[in-house]
Amino acid sequence: MRSIILASLLGATALPALAQDVNIYSHRQPELLKPLTDAFTEATGITVNTAFVDKGMVERLQAEGDRSPADLIMTVDVARLGEVKDAGVTQPVEDEAMQVVPEELRDADNHWFGLTTRARIVYASKERVADGEVTTYEDLADPKWQGRICTRPFSDDYNVALTAAYLAHHGEEETKEWLQGIKSNLAKKPEGSDRAQVKSIWAGECDISLGNTYYMGKMLEDPEQKEWAESVRIVFPTFEDGGTHVNVSGVAMTKAAPNKEAALQLMEFLVSDEAQRIYAETNYEFPVSDHVERSELVKSWGEFTPDNVALSEISELRPQALTLIEEVNFDG
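The sequence shown begins at 6 in our numbering and counts up by one.
It is worth saying that the hints were derived from the structure and are not from the lab.
Please note that the accuracy of each hint is not assured.
Taking lysine-lysine and the BS3-like style, the derived pairs with C-alpha atoms no more than 27 Å apart in a straight line are [as the list claims (entries may be wrong)]:
#, residue 1, residue 2
1, Lys60, Lys223
2, Lys60, Lys194
3, Lys193, Lys223
Could you build all of it, start to finish, from the sequences and the hints given here?
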């Protein structure tokens, strides 16, 4: 049955007998998802309603309980995906079509699935940082970077996930030393977004920053920020015993899911080649499917080897990572 449904989606065949609504609670702005949901509706006749829930998603789902109208959760960062699972507001999805998502990019119990990936990389000044000067995440704690690093707060989800990955590779003691080393190298107090750090490099306030790859695409399409983007290049650092840290945008089915069958069709569509191309190109991200090429702009950033630590392990280590960040008073 699953194969038949997926084949129908990919063939853009309308399914009026199954037509109904699918309701999404999303941490991402609805306009970022609209190209995907429009393509799904055209293929199936199923309407997709997206509610932007920036904060309090878990609390909202818990309060709604079995009466929740939400069928799917779409969010970014493994921490948020792990949070909704741990809160008991999702359900496992045992579906053959979803196995196209690599094992390391989905929950071990099939509660959530990665849809796209983004690398946590270094933005480096083209003028003040030589090629090859940045190679590893470990290197960021080297005193040679003293007064040269900018970053958003390390208590933010993206940096907590990076710290959890470091913890998986090196253990608690070395991770704490690494955090203290980076803090000693900061040019200024952590604040703002990843894009704000690139602006600081452009302004000469620092030489390197941590950021997600897709922000390069976002900055290049913004007339005000294009000059910032053009002042830096993307560097893919690695762990000394691993690859480049990646995170995901992902999807999970809610425990209530009043339109479960239609929601499952949407999940299958999201991992299809068609949707993977739309999602990756619209948001300058990497598709999770090996069958789908990156956009030309994303290809121009270069090749890298993703780290081999499973995101489910990173999710489990997140509380410990956040504790270490707070212990060194990184953002203070």
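Query raised in the report: Is the hinted pair Lys60 and Lys194 satisfied, with a Cα-Cα distance of at most 27 Å?
Result: Within the cut-off at roughly 25 Å; holds.
Query raised in the report: Are Lys193 and Lys223 close enough, with their CA atoms no more than 27 Å apart?
Result: holds, 24 Å
Query raised in the report: Are the Cα positions of Lys60 and Lys223 separated by 27 Å at most?
Result: Holds, at about 23 Å.
In the structure shown, no violation is registered for any of the earlier numbered hints.
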